[in-house]
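For the protein sequence lines, the chains are V and D, in the order given. Using the working numbering, read the first sequence as starting at 1 and increasing by one per residue. Using the working numbering, read the second sequence as starting at 1001 and increasing by one per residue.
Just so you know, these hints were derived from the structure itself, not from any lab. This one's a predicted model, so the numbers in the text were calculated from it and none came from an experiment. Mixed in with the good hints there might be a few duds.
Just some of the chain V residues that point at chain D, by a computed CB distance under 10 Å [said to hold, decoys possible]:
id: 1; residue: Arg92
id: 2; residue: Met95
id: 3; residue: Asp175
id: 4; residue: Val178
id: 5; residue: Phe256
Glycine residues also receive a C-beta, built at the ideal position from the N, C-alpha and C atoms.
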Amino acid sequence: MTAPLVEVEQLQTYFPIRRGLLRRVVGNVQAVDGVSFSIARGKTLGLVGESGCGKTTVGRSILRLVEPTGGRVAFDGLAVRDLRGRDLRNLRRRMQVVFQDPYGSLNPRMTVRALIEEGLIIHGLGSARERVDRVVRAMERTGLSRQALERYPHEFSGGQRQRIAIARALVLEPDFLVLDEPISALDLSIQAQVVNLLIELREQLGLTYLFISHDLSVVEHVSDEVAVMYLGRIVERATAAALYAQPLHPYTLALFSAVPTVDPARRRRRIVLVGDVPSPSNPPRGCRFHPRCPLAESVCREVDPPMVSLPEHAVHCHVAARELARSGGNASVAAATIAALLADRATPPTATLSPG
Amino acid sequence: MEGSMTPTQPMRSGGFWAEAWRRYRRRPLALAALVFVGWLAVVALFAPAIAGTKPVLCRYKGHLYAPCLAFFDRRLEPAVFARDRFRGTYPQNLKEKDPDSWAIWPLFFQDPYRAVRENEWPGRPANPARDEGHPSASHPFGTDQYGVDVLAKMVHGTTVALLVGFVSMGLAGTIGIVIGALGGYCGGWVDMVTSRFTEIVMCIPTLVLILALTAIIEKPSIWKTMAIIGATGWTGIARLTRGEFLRLRQSEFVMAARAAGAGPVRIMLRHILPNALAPILVPITFGIASAILTESALSFLGFGPPPPSASWGSLLNDARSNYSMWWLVVFPGLAIFLTVLSYNLIGEGLQEATDPRLREARK
């Protein structure tokens, strides 16, 4: 196997909370706290989790749009966190981003041409005529017609705007794209078009994606590997097939159970989590999921669960670790046991309101 | 609904400012105000041709001259007329000293700085002075206590009224935008310093500050008055700019520009400023109105630019000594009122035309 294109190790991004006249730091929002993963060239990692779990911050930290407070990020062997000035700018050409909201991510005062062309100007790529050619090529790749060149973003629909945003990212011919919930703000009918466009572009251009989303079925469709985040940490990571077939972490199971399916054979008992996500400025001791976990035991309240790795699967959970050990490392047996345990203990849906 | 590979035709419309203008045009009062200010600008530009005692164009001893330009700057008065001892009175001198001469005269033969004497214009009596100078056919707005025609003074005062607004707010806008942009974009200690500085300047009552500065200045002139008004009037603009920059710095399109590798200067000038400009332009317009009022107030208090700069405020000052001369209050007062009102209407129209919340409502 070749060296991964993107490697993230123990990434940590804290935002200081300042109070009072002197703006003293009184605490930290631990948006991302010790996240590690790697993405091989040409592959897609899906990052899922509920709102506020830090998945967007992971993407922005890798791109240095927010400064990480700790950990290591390597892109094609380059230590991203140490880059300054020109080196950082050169890196930015190679990793681009598509944001969630195509209404907010396009400067309303710039024409489509100016929006897409800007990166080329910043990086001094090509003469004026070559730049227009490149802009048009990027637009055609994303299914926009050349007539759109001199128009403003507000003249387009959400799906078309997202195509503009994708064209803007592609015009620099990057290797790696952070897709930060690229379809969440779009109409359902258009979501599929944009997802298919992204898959097509990945095949054509050999792109590597970090696909951030809270839509589990889309992530399954797009990703090679999937990581599930909860409160600033990755709780489970596996190949898409393994994760969806045998989820081991109770949180992952709860997430899956919330996905509506049309297939009655796949329909699971709904696992409803009690309570709210704790504040990331004051995360719970031990396992971060324990206050809401139906399977929580005393050890979960005290000890941060270490990672248990199988060939295609990694999970941070005491219960899962025990079940895996009992079944001799057979993930499907362990997954079935955990699912049964959860079904037993989870609060019935009628008793409480579902959070989120 | 859009097709995947055949994008639909998006609705056609212009850029942001074209759209804003389209919405602005729908407001008759704001449009009328704009027309009025435009008309004032024309009056200011052509003031010496509208009211004056110097020919707009004349032929004298074989050469063409435009002595009326002397009203803009005394040095523009052709030297030949001083050599030939015209002493500022053209109609008789031209005919006496060169019978072949011809001249195009201003529409209204009256001088903004002195009373017209008897027979200066063929068959015209001398300007009445003091209480006798009430409005009449030959002096629509009357004359002041020295017999100077008020209409002529007001026509020439238009320049001052407009310049005060544009120059002082141009200065205030520049200072305010630079300080606000730095504070809002950089944050941290830069923001701390610029914000506190703005607040300190804000604490001092503007008129007191202006009076103090006026007292210090040697050789007051209209330009110095404008500079003082500008140098004290930037605080509101700075605060608003800071707020806009603070808000837009967090926006996703700025994040996207940073991801593309854009530096801070590019982000501020190309991404934030164009989006912040519309809301900043509104207080600048209101600022123009208040600058005109401030200048009038200063002139009224006698701290304004000294003669010969004619300003509307100084006419009001003249009225103070003799209340029976109501025309010295009514006409300049009306002019100030209408101009200030116009700028306020323009500001309001601009706000309605560019406010994003109202735009959303329209959709």
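Hints violated by the structure (numbers, ascending): 3 and 5
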